[in-house]
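Asks: Chain residues, written in single-letter form:
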Amino acid sequence: MTEEDATVKEPLDLIKLSLDERIYVKLRGDRELRGRLHAYDQHLNMILGEVEETITTIEIDDETYEEIIKTNKRAVPFLFVRGDGVILVSPPLRQ
Amino acid sequence: MLFYSYFKTLVGKQVTVELKNDLAITGTLHSVDQYLNIKLNNVHVVNEQKYPHMMSVRNCFIRGSVVRYVQLPPGSVDVELLHDATRREARG
Numbered sequence: 001m002t003e004e005d006a007t008v009k010e011p012l013d014l015i016k017l018s019l020d021e022r023i024y025v026k027l028r029g030d031r032e033l034r035g036r037l038h039a040y041d042q043h044l045n046m047i048l049g050e051v052e053e054t055i056t057t058i059e060i061d062d063e064t065y066e067e068i069i070k071t072n073k074r075a076v077p078f079l080f081v082r083g084d085g086v087i088l089v090s091p092p093l094r095q
Numbered sequence: 001m002l003f004y005s006y007f008k009t010l011v012g013k014q015v016t017v018e019l020k021n022d023l024a025i026t027g028t029l030h031s032v033d034q035y036l037n038i039k040l041n042n043v044h045v046v047n048e049q050k051y052p053h054m055m056s057v058r059n060c061f062i063r064g065s066v067v068r069y070v071q072l073p074p075g076s077v078d079v080e081l082l083h084d085a086t087r088r089e090a091r092g
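If you read the sequences in order, they're chains A and B.
Residue numbers are given in the numbering used here: position 34 of the first sequence equals residue 34, and the series is strictly consecutive.
Residue numbers are given in the numbering used here: position 74 of the second sequence equals residue 74, and the series is strictly consecutive.
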């Protein structure tokens, strides 16, 4: 990688540096994805691999009116994600 | 153009398209256009109990803007090719 490639001049450069790394993506509708970034474009359409999707739902108990937060997870081998649902993308997860 | 080109390579393959209204449709990819509109053949809905009105639908056009995800067949994802195409797209 040359010096020019490694500097962040515009926001999308941060995502360019995350190519082939595991990233975190927050989406509309209380959805989150963790997966390896294989492709993206200027709309933030993406192809992710080894994806784990987390969907958070809040249910209100009929009697006590308590908010019950539930998270559902599922794994998908390869996923194309349409960019218009993306809220934020965060570079490599340290694990 | 990257994803348009990529989806064209998937024509004839089985994909699952998940829409923003949570409906998930599996079918054979017939064609795709520059807006990532998708035409599927031999479709079936993943959760037929919940969406019985879709049972008689055999093929359909899906407007690109209502797509949330497309689940890709693992055998037709060449990650090295995607990396190279993404780097080219990011430069140009």
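If you are wondering where the hints come from, they were derived from the structure by calculation, not from laboratory data.
Be aware that one or more of the hints could be misleading.
Listed next, the in silico BS3-like pairs over lysine-lysine satisfying Cα-Cα at most 30 angstroms (straight line) [unchecked claim]:
1. B:Lys39 to B:Lys20
2. B:Lys13 to A:Lys73
3. B:Lys20 to A:Lys73
4. A:Lys70 to B:Lys50
5. B:Lys50 to B:Lys39
Here are a few chain A residues that face chain B, going by a calculated C-beta distance under 8 angstroms [as the list claims (entries may be wrong)]:
6. Leu17
7. His38
8. Ala39
9. Ile47
10. Glu50
11. Thr71
12. Phe78
13. Asp84
14. Pro92
Here are the in silico distance ranges between beta carbons for each label pair [said to hold, decoys possible]:
15. A:Thr56 to B:His83: 29 to 39 angstroms
16. A:Ile69 to B:Arg58: 33 to 43 angstroms
17. B:Met54 to A:Thr7: 45 to 55 angstroms
18. B:Arg88 to A:Leu14: 14 to 24 angstroms
19. A:Thr7 to B:Phe61: 25 to 35 angstroms
Positions of the beta carbon are idealized from the N, C-alpha and C atoms, including for glycine.
Asks: Are the hints correct? Go through all of them and say.
Replies: A quick look at each hint next to the structure:
At roughly 17 angstroms between alpha-carbon atoms, lysine 39 (chain B) and lysine 20 (chain B) fall within 30 angstroms of each other, so this suggested pair holds. Between lysine 13 (chain B) and lysine 73 (chain A) the alpha-carbon distance is near 26 angstroms, which keeps this suggested pair within the 30 angstroms criterion. Restraint check for lysine 20 (chain B) and lysine 73 (chain A): the C-alpha separation of about 18 angstroms stays at or below 30 angstroms, so the hint holds. Restraint check for lysine 70 (chain A) and lysine 50 (chain B): the C-alpha separation of about 21 angstroms stays at or below 30 angstroms, so the hint holds.
Straight-line distance between C-alpha atoms of lysine 50 (chain B) and lysine 39 (chain B) comes to about 23 angstroms, which keeps the hinted pair within the 30 angstroms bound. Violation of the interface hint for leucine 17 (chain A) is found here, the shortest Cβ-Cβ separation to chain B being roughly 10 angstroms, above the 8 angstroms cut-off. Below 8 angstroms, beta-carbon pairs count as interface contacts, and histidine 38 (chain A) has one with chain B at about 5 angstroms; its hint therefore holds. Annotation: interface hint on alanine 39 (chain A) holds; nearest CB of chain B at approximately 4 angstroms, less than 8 angstroms.
Look at isoleucine 47 (chain A): its Cβ gets to within about 6 angstroms of chain B, closer than 8 angstroms, so that hint holds up. Hint on glutamate 50 (chain A) is violated. Least Cβ distance to chain B is approximately 10 angstroms, over the 8 angstroms limit. The criterion of a C-beta within 8 angstroms of any C-beta in chain B is not met by threonine 71 (chain A), whose closest approach is roughly 17 angstroms, and the hint is violated. Taken as an interface hint, phenylalanine 78 (chain A) checks out: its beta carbon lies about 4 angstroms from the nearest beta carbon of chain B, inside 8 angstroms.
Checking aspartate 84 (chain A) against chain B: minimum C-beta separation of about 7 angstroms stays under 8 angstroms; hint holds. Look at proline 92 (chain A): its Cβ only gets to about 15 angstroms from chain B, farther than 8 angstroms, so that hint breaks. Taking 29 to 39 angstroms as the suggested C-beta distance range, the pair threonine 56 (chain A) and histidine 83 (chain B) conforms, at roughly 31 angstroms. Checking the proposed 33 to 43 angstroms range against isoleucine 69 (chain A) and arginine 58 (chain B) shows it holds: the Cβ atoms sit about 40 angstroms from each other.
Range check, methionine 54 (chain B) to threonine 7 (chain A): Cβ separation about 50 angstroms, and the 45 to 55 angstroms hint holds. Against the hinted window of 14 to 24 angstroms, the Cβ-Cβ separation of arginine 88 (chain B) and leucine 14 (chain A) comes to about 19 angstroms, which satisfies the hint. A beta carbon spacing of about 44 angstroms between threonine 7 (chain A) and phenylalanine 61 (chain B) contradicts the range 25 to 35 angstroms that was offered as a hint.
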